[in-house]
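Trainee: Protein sequence lines, in the order shown, are assigned to chains R and L.
With this note's numbering, you'll find the first sequence wraps up at 115, consecutive numbering, no jumps.
With this note's numbering, you'll find the second sequence wraps up at 117, consecutive numbering, no jumps.
I should point out that these hints are in silico values taken from the structure, not numbers from a laboratory.
The beta carbon of each residue, even a glycine, is placed where N, CA and C say it ideally should be.
You may find that some hints are simply not true.
[To be verified] Calculated pairs, EDC-like style, for lysine to aspartate or glutamate (alpha carbon to alpha carbon, straight line, at most 20 Å): (1) R:Lys40 <-> L:Asp9; (2) R:Lys40 <-> R:Glu67; (3) L:Lys49 <-> L:Glu66; (4) L:Lys49 <-> L:Asp85; (5) L:Lys49 <-> R:Asp85; (6) R:Lys41 <-> L:Glu8; (7) R:Lys19 <-> R:Glu96; (8) R:Lys19 <-> R:Asp85; (9) R:Lys40 <-> L:Glu8; (10) R:Lys41 <-> L:Glu64; (11) L:Lys22 <-> L:Glu64; (12) L:Lys22 <-> L:Asp9.
[Stated by the list, open to error] Some chain L residues close to chain R (C-beta under 8 Å, calculated; not the full set): (13) Tyr32; (14) Phe34; (15) Arg42; (16) Gly43; (17) Phe46; (18) Lys49; (19) Tyr50; (20) Ile51; (21) Leu82; (22) Phe90; (23) Arg94; (24) Ile104; (25) Pro105; (26) Phe107; (27) Arg109.
[Stated by the list, open to error] Computed from the model, here is a short list of chain L residues facing chain R with C-beta under 10 Å: (28) Asn17; (29) Gln38; (30) Leu44; (31) Gln45; (32) Gly62; (33) Gly108.
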Amino acid sequence: ETGVTQTPRHLVMGMTNKKSLKCEQHLGHNAMYWYKQSAKKPLELMFVYNFKEQTENNSVPSRFSPECPNSSHLFLHLHTLQPEDSALYLCASSQELAGRVYEQYFGPGTRLTVT
Amino acid sequence: AQSVAQPEDQVNVAEGNPLTVKCTYSVSGNPYLFWYVQYPNRGLQFLLKYITGDNLVKGSYGFEAEFNKSQTSFHLKKPSALVSDSALYFCAVRDIKASGGSYIPTFGRGTSLIVHP
Numbered sequence: 001e002t003g004v005t006q007t008p009r010h011l012v013m014g015m016t017n018k019k020s021l022k023c024e025q026h027l028g029h030n031a032m033y034w035y036k037q038s039a040k041k042p043l044e045l046m047f048v049y050n051f052k053e054q055t056e057n058n059s060v061p062s063r064f065s066p067e068c069p070n071s072s073h074l075f076l077h078l079h080t081l082q083p084e085d086s087a088l089y090l091c092a093s094s095q096e097l098a099g100r101v102y103e104q105y106f107g108p109g110t111r112l113t114v115t
Numbered sequence: 001a002q003s004v005a006q007p008e009d010q011v012n013v014a015e016g017n018p019l020t021v022k023c024t025y026s027v028s029g030n031p032y033l034f035w036y037v038q039y040p041n042r043g044l045q046f047l048l049k050y051i052t053g054d055n056l057v058k059g060s061y062g063f064e065a066e067f068n069k070s071q072t073s074f075h076l077k078k079p080s081a082l083v084s085d086s087a088l089y090f091c092a093v094r095d096i097k098a099s100g101g102s103y104i105p106t107f108g109r110g111t112s113l114i115v116h117p
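Given only the sequences and the hints, what does the whole structure look like? Please build it.
Mentor: Pasting the structure below:
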């Protein structure tokens, strides 16, 4: 797990706050992902970045705004969240090469509580 | 379109007994299949994958999985369960996206494995 780090590990925020989640990967991968994991629900893919370009936005509300300044760092900017956004937010990375399929490496997650 | 089903929310097994966690999939092209494990308050950890070749894939911590194309299954197995194997297990499939060429993963809902002493 030390290959992908996430900060903070826990975050409590009010619905009017603005906060950011940070992810850093030390594996030299070129693709990064944000997932939302809620209790009793499947893992939800939110965003995918490949070579710093966003390739997927899985119908995520605009109150979630991703940023990928380089292939090692990924941010998720949060504003005016709702209580139902409370969840574990997981970052992952993988090496994507044409014609090859590799596994993903996940960070430990940020446990977000929206009050 | 691709999908993954894990039909059991929970699997209970006694320590020392063999375990099986089930997974079935649906893809339009070639399936690339993965198993991940999640311990409490941790992210997902890669266990093993099937890309091509031998249908029996061996992975970390003594786990293995068998790819069965006719049954579209990729069940996770271990000959002798340990209490420390208790965790949440996810099956995932990656198929080439119809446009763009990128491989987008789809995860199952997860199966909670409980190994009793």
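Trainee: Output the numbers, in ascending order, of every earlier hint that fails for this structure.
Mentor: Of the numbered hints given earlier, those the structure breaks are 2, 5, 7, 10, 19, 21, 28, 32, listed in rising order.
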